[in-house]
Structure formats: structure tokens, C-alpha cells
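Build out the structure end to end from the sequences listed, making use of the hints.
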Amino acid sequence: MTHTRKTLVVAGHGMVGHRFVQAAIERGLTERFDVVVVGEEPRPAYDRVALTSFFSASTADELSLLPEGQYDDPRVRLLLDTTVTAVDRDTRTVALDDGQLLGFDVLVLATGAAPFVPPVPGRDLDGCFVYRTIEDLEAIREAAAMATTGAVIGGGLLGLEAANALVQLGLDTHVVEMAPRLMPVQLDPAGGATLVRHIEKLGVTVHTGAATSSVLGSDEAAGAPAGRVTGLALAEGATVPAEVVVFSAGIRPRDGLARECGLDVAERGGVLVDEQCRTRDAGIFAIGECAAPAGRMYGLVAPGYQMAEVVVDVLLDGLGGFTGADMSTKLKLLGVDVASFGDAFATTDGALELVFADAVAGIYKKLVVSADGSRLLGGVLVGDASAYGVLRPMVSSGMDLPENPEELILPAARGTAQVGMPDGAVVCSCNNVTKGTICSTIDAQGCADLPCAKACTRAGTTCGSCLPVVKNLLTERLEAGGRRVATGICEHFDLTRQELFDLVSVHGYRRFDDIVEAHGRGRGCDVCKPAIASILASQLNGHVLDADTAALQDTNDAYLANIQRNGTYSVVPRVPGGEITPEKLIVIGEVARDFGLYTKITGGQRIDLFGARMEELPAIWRRLVDAGFESGHAYGKSLRTVKSCVGSTWCRYGVQDSVQLAIDLELRYRGLRSPHKLKGGVSGCARECAEARSKDFGVIATEKGWNLYVCGNGGATPAHAQLLAGDLSTEDLVRYLDRFLLYYVRTADRLQRTSTWLGTIDGGLDRVREIVVDDALGLGAQLEADMARHVDTYVDEWKATLDDSDKLARFVSFVNAPGTPDPNITFTTERGQIRPATLDQPVDLGASIPVGAP
Amino acid sequence: MTQEEWQPVCPVEELEVERGVTALVHGQALAIFRTHDDSVYALGNYDPFAKASVLARGIVGTRGDVPFVASPMHKHAFDLRTGRCLDDDHVAVPSYEVKVVDGLVHVGPRLLA
Ligand code: SRM
Ligand SMILES: Cc1cc2nc3c(=O)[nH]c(=O)nc-3n(C[C@H](O)[C@H](O)[C@H](O)COP(=O)(O)OP(=O)(O)OC[C@H]3O[C@@H](n4cnc5c(N)ncnc54)[C@H](O)[C@@H]3O)c2cc1C
Ligand code: SF4
Ligand code: FES
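So the sequences go chain by chain: Z and U. Here the UniProt record's numbering is used: position 161 in the first sequence is 161, and no number is missing along the way. Here the UniProt record's numbering is used: position 61 in the second sequence is 61, and no number is missing along the way.
Just so you know, these hints were derived from the structure itself, not from any lab. Please read these numbers as outputs of a predicted model, since none were measured by experiment. We put the CB at the ideal spot given by N, CA and C, even for glycine. It is possible that part of the hints are untrue.
DEER-style ranges, computed between Cβ atoms [claimed, not checked]: (1) Z:D443 x U:H36: 42 to 50 Å; (2) U:H36 x Z:T760: 28 to 36 Å; (3) Z:G488 x U:V12: 44 to 52 Å; (4) U:H36 x Z:G362: 56 to 64 Å; (5) Z:G446 x U:D38: 40 to 48 Å; (6) U:V12 x Z:L751: 43 to 51 Å.
Pasting the structure below:
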């Protein structure tokens with residue numbers, strides 16, 4: 001036991017460095033050491049594995065592993081934007097680029113790896129990038145905004161990930177791979193060939209067996225600025241056009257600090273360390289991608305995490321050692337499942353291969369089993385990796401294979417969900433969490449939902465590929481404990497919104513009373529009544545104030561206006577796409593003036609008139625309807641606005657008529673009742689002035705048509721919409737949108753916006769794309785027909801109300817004194833307009849106001 | 001007119017089932033509700049949380065066996081029979097006696113909680 005505090009310096013604040021510090025804090029290492037972490041990047045560690053999602057994240061913070069910016073242990077100091085430039089082993093100090101010297105007792109190198117850029121001529125031209133940091137991605141995004149073509153050099157795991165990003169950025173993308181197949185490290189030739197077919201279908205051109213001989217640049221004569229990339233020259237003489245080039249030809253460990261201070265490095269790079277991750281210098285360790293335990297470096301995060309834990313073990317005087325790691329990989333590349341695990345190449349003596357291939361569906365699955373057929377050694381899955389979650393733990397746990405192992409990879413495999421796993425099976429390889437740990441943690445912590453189970457077990461928090469299994473285990477534990485994930489929407493129904501939606505559609509119910517009598521209990525409440533009102537409206541498109549549904553409507557729907565803090569209402573006429581004539585502007589102005597309403601331009605490109613008393617609403621709307629306005633549904637859980645930019649009609653950059661499309665879409669989907677409000681946007685070019693990607697559906701014009709993005713929103717938890725399909729004709733765009741919107745309306749929970757809904761869908765955006773674009777469930781025609789019916793039966797709610805004395809009857813201040821305004825409502829003025837005055841108690845009129853008995 | 005007198009308000013058929021109306025009674029804005037079993041209740045219309053005269057415009061339903069209205073403002077639930085707030089024991093709105101005579105709803109004195 002030592003009694004003086006020592007200093008531990010960590011060089012590098014990446015994924016592994018961060019994990020090391022976390023473990024050091026959690027396991028008490030900071031009781032003995034003051035820790036200084038030095039990180040070269042401008043921000044704290046972030047999830048590099050999920051780097052590509054930076055393009056769809058709204059801020060870099062979403063990827064952060066340390067969103068607070070500092071560890072909450074005062075004994076840990078984090079220096080960012082600072083590089084360790086040298087290690088002096090004699091004086092036990094490290095030098096920093098800001099001139100400081102830091103003394104250390106223990107040094108942990110966690111400097112990661114750097115992309116390898118092969119020495120081809122032209123690699124320094126403007127427009128050449130690597131793919132490793134958030135800054136790299138920012139630079140690529142900026143370059144892509146001005147480009148139409150891109151190429152990735154390298155068809156391995158990271159290269160395909162980068163190609164995916166270029167496709168998302170709207171570029172015509174090429175992948176150039178020197179090996180004869182894609183992902184040569186993970187896939188066998190048949191698997192690689194299947195992958196190529198998938199990727200080519202998505203519009204990526206794949207060049208395998210192709211070496212890049214040089215990067216081509218522009219010369220001034222050709223018009224483009226000199227020194228910019230224009231393409232690649234391949235060894236066979238072909239050229240590939242590209243204004244953006246991403247090098248992804250492998251990584252090299254950043255072992256320079258170790259080399260320069262005389263430590264050993266492995267033959268193929270990486271700081272040479274022993275099983276305890278210790279270098280030749282007993283006080284210096286190396287972990288993560290910069291390290292080469294037993295001479296081998298690992299380009300994945302899981303082995304790095306294991307090394308981090310090992311060093312904490314060792315420093316706590318414990319034992320522990322690193323003896324190699326699971327190199328399994330599963331990823332979803334451009335929407336294609338690819339997985340490779342264990343002995344994928346059947347190198348074990350006598351190993352047998354079982355193969356299932358369906359060329360039409362683009363599925364290739366191979367299992368590698370031991371000579372006696374009793375154990376699974378590894379495998380390759382392309383096109384359908386749903387079995388991965390079950391197969392990989394079978395490899396790591398060495399459990400016996402079932403009688404007919406081929407069933408594990410046959411379509412709709414019986415085994416995938418059922419095969420029991422031993423407790424020791426590692427379910428989450430990123431974080432090295434076993435089935436046993438997950439189950440006991442769920443029981444001990446009483447986790448009742450997936451986010452809680454993730455937080456408590458750490459399983460599923462990195463690449464996410466193990467989540468389906470974690471979810472199954474959670475359900476199993478909850479059921480075993482007699483608990484059940486409560487799914488009913490309120491005390492009156494044990495059904496989810498989706499189940500209610502289906503019931504209403506199957507039985508053809510039209511009244512709340514019939515539904516609650518047949519499937520619920522009690523008289524309903526403010527949760528189930530509006531939910532059922534919305535379901536009935538989505539399916540029947542009747543008037544919300546019809547006799548059967550009027551009493552069910554939520555606050556704002558009940559008076560077709562938005563209630564305000566003093567009990568008055570706001571009025572928002574629809575202004576499709578934000579386009580409005582001077583005449584109509586004048587009408588709005590006149591109505592506001594004549595009724596004394598507060599006027600404000602909204603964030604949704606239209607005008608809101610506030611302070612209308614309930615009994616004034618019909619008269620106000622009479623004026624508006626006569627002038628050609630209709631309800632803007634600002635009060636409804638329904639389509640709000642489709643925001644537009646000025647587009648190709650006026651804007652010098654516009655490539656399509658965004659205003660026309662925004663108007664068409666707003667008119668098409670107006671009045672569609674949905675689980676939550678819906679917003680859309682259309683931008684005329686990639687500059688995105690309409691902020692379409694912050695909407696539930698956003699459309700961005702391209703030279704060839706439209707890119708369709710879905711599931712974005714602003715509000716408290718902003719989400720960027722993600723690309724569903726690109727370069728669509730207007731006709732296809734509308735078809736996909738019809739399907740997308742109605743599929744959401746059918747299946748979402750109440751008050752669940754599209755982005756949260758997306759988060760609950762197994763398979764996420766790719767699944768939605770399968771359903772909406774590929775029509776995998778065969779629902780397409782039905783959804784389109786339902787939308788056509790909605791469009792045909794749409795009527796303006798306010799006009800219909802004005803034409804119906806029964807509906808108008810509810811717009812009175814007092815039943816027994818219809819002419820008397822509610823004296824509880826009073827106003828003062830501010831900046832030249834009215835505003836509510838606050839009252840602290842109800843107004844007593846005494847006998848001063850004569851009250852007419854009926 | 002004093003607080004104790006009974007005052008006729010409107011024909012019971014004018015009340016939508018499970019929806020309220022506002023009436024001016026005893027100089028106050030009151031919320032009158034008719035429930036599914038044809039009972040009629042009267043509460044003060046003023047929502048003390050939102051400080052606005054709005055209760056009649058809320059959704060009517062049941063919590064367990066208790067008939068209640070959810071304020072349209074922030075959804076606080078009030079017991080139709082007593083005015084007691086179901087989400088906060090310390091808060092109540094006034095409730096009034098009600099009777100239906102010859103199809104006409106009459107509101108009487110304030111009930112003491
Ligand atoms: C009037 C307006 C503010 C303004 O003065 O600009 C407004 C006002 C209200 N917003 Fe909003 N929002 C308005 C634009 C927005 C925007 C901007 C936009 O649409 O581009 C956003 C962020 C974008 C988004 O929705 O993704 C926005 C995010 C919200 C949210 C948060 C939604 C979320 O998913 O997190 C709420 C709360 C909710 O709906 O549950 C909300 C709710 C409300 C409500 C309805 C609250 C309420 O129930 O009383 C406000 C009353 C409206 C009214 O007319 O009385 N408002 N609100 C804007 C009306 C736009 C329109 O023309 O229809
Ligand atoms: C696009 C992409 C996708 C990936 N996908 C997967 C995947 O699906 N599964 C998987 O397992 N792995 C994946 N990886 C690999 C994974 O990200 C790495 O294995 C992991 O980040 C390694 O962690 P590390 O801490 O060793 O290195 P890093 O995360 O790179 O951290 C090293 C840090 O040290 C800093 N540094 C370097 N030198 C110094 C110095 N001298 N002074 C101060 N700071 C320094 C660097 O700037 C960096 O911030 C992916 C990587 C990328 C780029
Ligand atoms: S998005 Fe493009 S077309 Fe639309 S206004 Fe902006 S620059 Fe112009
Ligand atoms: S396997 Fe990657 S998060 Fe679990």
C-alpha cells in the first residue's frame with residue numbers, strides 16, 4: 001500500500017482512453033492516482049463507431065461519450081485540444097504542444113490509429129479526405145455540397161461505411177478496391193459477390209481488383225480551380241470521375257511516441273505490449289488501436305475496451321490479462337446486412353461449411369462447423385444477418401449445436417429466437433457483457449424497459465447490433481418475474497394505440513361508446529378519448545365536431561382553435577407553402593383589426609391571430625372563409641405546414657420548383673389526423689433554406705428530382721430527418737409519402753412524433769424503407785388507396801362548421817346569457833397590441849349583470 | 001339574488017352528454033356537466049392552476065368510479081361531485097347543488113366540502 005498520491009497520464013482521449021478513465025473512476029483507481037488525460041481533438045471522446053451518424057445527428061454532442069465535458073471526479077483533469085509531443089522516460093515526463101511538461105508515475109498510451117493514405121500521386125489535392133474524425137466528416141460534407149461525384153479508395157469495412165456516407169450526401173459514388181472482392185478481411189468470395197450485387201443496386205459503382213495509380217487534378221485551362229480533384233486513374237487505364245475522394249485503405253497505429261522514446265513496436269506497427277498491456281518500460285502501458293499485444297493490433301473497439309479493463313486490473317494490483325479478442329463484425333452497410341464472425345474462412349482443421357444462398361433475394365449465409373459437426377466455429381451472413389445475435393454467442397460459448405444446424409440459417413429460421421444460450425455466452429461483444437450478467441442485472445435493478453436495461457448493463461450501448469437479443473432477454477426476465485411491460489394507453493383500455501387502430505378498422509366502429517363497451521371499461525378519460533377520436537378521424541375522415549365524436553375531442557380540436565392562457569383562442573388560417581397574395585394579406589389584416597386581435601408571424605410561415613373569445617370564432621372564420629381561407633389545423637394533431645423556400649422560380653441556385661411542391665403536399669395531406677402533429681418542408685436545392693430536414697418529412701431538390709427525408713423534428717429533442725430515397729420523380733415521391741404517412745398513422749403510439757416512432761421500430765429506417773419503398777409487407781396499394789380516400793373526402797372543417805347550426809351552437813359564452821362575454825377575460829396592451837391581463841381569482845359579477853333565465 | 005337561491009339555467013337536453021357548458025349563476029361563471037348516466041353537476045368554471053375560466057371546456061370521463069373533468073388547460077382532473085382536485089388534495093373548486101325539474105336544470109347553493 002502506498003501513501004503518497006501518484007500521477008497517471010493518459011495520452012489520447014478517444015473511445016478506449018475514455019473507457020479507461022471511466023473504469024479507473026468506477027473501480028477506485030483514482031483513490032491512488034491523480035489522473036491527467038491529454039486529448040488532441042477539440043472535443044471529449046465520442047462514439048467513433050457511430051461516426052457516420054454524425055451526418056444525421058443535429059449536433060456533434062449527440063455522439064459524445066462525455067456530454068458534460070468533464071468527469072465528475074475532481075481527481076481527473078481533462079486537457080483537450082492538446083497533443084503529447086514526446087515522452088522522456090528518464091525524467092518520467094511527457095511534453096505537451098503548449099510547452100507544458102507533465103510528470104508521470106504511470107503513462108497509458110491510448111493514441112488510437114490514423115488512416116493509411118497510400119503514396120499515390122495527387123493524394124494531396126483539394127478534395128482528398130480521410131474518414132476518422134468529426135472534423136473529417138465536416139470537411140467532406142462541405143466539399144460534397146458543391147460536388148456531384150465521389151469515390152472511396154478501399155472496399156473494406158470502413159470504405160463501405162464512407163461510401164454509405166457519400167451516397168447519403170447525394171453523390172454518385174464509386175468504390176475502388178484492390179482485392180478481388182469487397183470486405184476481403186471478413187468475407188469469402190461468394191459473400192463478397194453477393195454484397196457487390198446489393199451495393200450496385202443502390203447506385204454505387206464497385207470496381208474490384210482495381211488499383212488506383214493516381215488521383216487526377218484539374219488544370220486551370222479546363223476552367224475549374226487548379227489543384228482540385230477531378231477523378232481517379234486506375235492501373236488498367238480506366239478513369240473514375242470524382243470531385244470528392246475518400247481514402248480508406250486501412251489504418252496505421254499511432255505508435256510514434258513509443259518509437260521515439262525507444263520502446264518496441266510490432267513488425268506491422270503498434271506499441272508492442274505483453275498480456276498485461278505493459279511495454280518494455282514497466283510504468284508505460286498501451287491500449288486500444290495503438291497497441292499490439294503479442295504483436296497483433298486490433299482495429300475494433302471491443303478489444304480496446306478489454307485492454308482498458310485489463311490495465312485497471314493490473315494497476316489495482318489485480319491480475320488479469322488480454323489474450324486475444326473476438327473479431328466478429330456486423331454492420332448494416334447501405335441498408336445491407338453483413339456479418340462475419342469467428343473462423344469465417346474455415347481455417348480450423350477439418351472444419352466443414354454449410355451454405356445457404358438465394359441469388360434472387362441476394363442472401364448468402366455460411367456456417368463453419370467443427371469436423372464432428374458438434375460446434376459452431378464461425379460464419380458469414382450477407383443480405384440477412386438476423387441470426388447473428390444468436391450465432392455469435394454460440395461460437396464464443398462453445399455450446400453444442402442443435403441436431404440440424406442448417407435450420408439456423410434457413411429462411412425464417414426456427415432457431416434464431418428460440419435457441420437457449422448458456423449464461424456465459426457473450427451477448428454484447430462491444431462491451432463484453434454475457435447473457436448471465438444481463439439477466440441478473442435486469443432482475444437486480446428492476447429494469448422495466450430497454451433504455452434502463454441498456455444503461456444498467458452497458459449492453460447495446462456501442463454498435464447496437466446486440467439490441468434485439470437484449471430486448472428478448474428483457475421480455476423473458478419481465479415475464480419470469482410475473483411483470484409485464486404495461487402497454488395499455490390508460491386505465492380504460494389494456495390495448496395499445498396500434499391495437500385500437502386495428503380493432504376500429506376490423507370492426508368498423510364509429511362511436512367511442514361501442515369501443516369502450518366491447519374492449520374497455522369505465523367512461524374513458526382525457527387520454528383515450530382524444531386517441532380514439534384521432535383514430536376515427538384518420539380512418540373515416542368525418543367532421544371532428546359530428547355528434548358522435550364532438551365530446552371526445554381534445555381541448556383545441558373541440559373549438560377548432562388553440563386555447564390561450566386566459567381562455568381565449570388563436571386563429572391560424574392555412575397559407576399553403578407560405579405563399580400568399582397581397583389581397584389575402586390585407587384580409588387577414590382587416591380581420592385582425594376589426595376584431596382587435598394580436599397578430600404575429602409564426603415559425604411555420606403563416607400568421608396567427610390571438611385573443612379571440614370563443615363566441616367570436618364563427619364570425620372571424622366567416623370573414624376568412626369568404627375570402628378563400630380555410631382551417632390551418634394549428635390546433636389539430638394533424639398536418640401543420642409544409643414549409644417552402646423560394647426555389648427555382650426566383651432563386652439563382654434553385655434546381656426544382658419547391659414552392660409548387662410544398663403547396664401540393666400541404667393541400668394533399670391537410671386535415672390528415674395523426675398520432676401527433678406532422679410538419680413538412682421542401683427546399684429547392686441542397687442549401688436547404690426551408691430546413692426540410694428538421695421536419696417529419698422533408699424534401700430536397702436534386703438535379704434529377706427529389707430526395708425524400710423522414711422522421712425529423714425540432715422541439716425539445718431535435719432530430720435530423722434521414723434519407724429514405726433519393727432522386728425521385730414527383731410521382732414516386734408522393735407515392736412513398738402516402739405510404740410513409742399512413743404507415744406511421746397506423747402504427748405509432750399516441751403523441752409519438754415520427755422520430756420517436758422510428759426509434760421503436762425494429763430495424764429502424766432500413767425497415768421503414770423496406771415497407772415504404774420496397775413494399776416488403778405488400779401494404780403499399782392499401783396505404784395509397786387509404787390516402788386517396790382521405791384526399792377525396794377532405795372538406796374544410798371551419799366552412800362545414802359555419803354551415804351547420806348544431807355545430808355552431810357550442811360557440812356561446814354562457815348557455816343562459818349568450819350575449820354576455822365572460823368577464824374573466826381582460827386585456828391590457830403592450831407594444832401597440834393586446835395581451836392577456838392576469839387575474840388571480842374568478843371575477844364575481846354580483847347581481848350587476850342581468851341574467852336572462854331561459 | 002343571494003347565493004342560496006335556486007336558479008334555472010337551461011333545458012337538460014341542451015347539455016351534450018359528457019361535455020360541459022358555461023352558465024352565469026349567482027354572478028359567477030359556472031361549468032355545468034351532464035354525464036353518461038344523465039346526472040348533472042355544477043362546478044366553478046375557474047381553473048385555479050391555470051387561473052382561467054375554462055373548466056366547462058374539458059373532457060369528461062371516469063377515474064375508477066369517480067366522474068371527473070380534465071381541465072382543458074393543463075389536464076388537472078376535478079371530481080364532478082365535490083370539485084376536489086384528483087391530482088392535488090389541497091386544491092378544490094366550488095361545487096353546487098343541482099336538480100332537474102320539468103326538464104329544466106336548476107343550480108342551487110354551494111356545497112360545503
Ligand atoms: C404559434 C407558434 C409559435 C410562433 O409564434 O411562431 C407555436 C405555438 C405553439 N406551439 Fe409550437 N408553435 C409554432 C411553431 C413551432 C415550431 C417551428 C416550426 O413548425 O417550424 C416548432 C419546432 C418544430 C417541430 O415541431 O418539430 C414547434 C414545436 C412545438 C412543440 C414541440 C414538439 C416536439 O415534438 O418536441 C410543441 C409541444 C407539442 O406539440 O407537444 C408545440 C406546441 C405549441 C402550442 C400548440 C402549445 C399549446 O398547446 O398551446 C402553441 C400554441 C399555438 C397557438 O396558435 O396558440 N410546438 N412549434 C408556431 C406556429 C406554427 C404554425 O404556423 O403552425
Ligand atoms: C467510421 C468508423 C467506423 C467504425 N466502425 C466500427 C465498428 O463497427 N466496430 C468496431 O469495433 N470498431 C469500429 N471502428 C473502429 C473504432 O472506432 C476504433 O477501434 C476505436 O475508436 C479505437 O479507440 P482508440 O481509443 O484506441 O482510438 P481513437 O478512438 O482513435 O482515440 C485516440 C485518440 O487519441 C488522440 N491522440 C492521438 N495521438 C495523440 C497525442 N500524441 N496526444 C494527445 N492525443 C492523441 C487522437 O486524436 C484520438 O482522439 C470504426 C472506426 C471508424 C473511423
Ligand atoms: S434552398 Fe436553394 S433554391 Fe431554396 S432558397 Fe435556398 S438556395 Fe435557393
Ligand atoms: S455488440 Fe455492439 S453494442 Fe452490443
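Hint check:
no. : hint                       : verdict
1   : Z:D443 x U:H36: 42 to 50 Å : 44 Å, holds
2   : U:H36 x Z:T760: 28 to 36 Å : 34 Å, holds
3   : Z:G488 x U:V12: 44 to 52 Å : 34 Å, violated
4   : U:H36 x Z:G362: 56 to 64 Å : 57 Å, holds
5   : Z:G446 x U:D38: 40 to 48 Å : 46 Å, holds
6   : U:V12 x Z:L751: 43 to 51 Å : 35 Å, violated
Hints 3, 6 from the earlier list are contradicted by this structure; the remaining hints agree with it.
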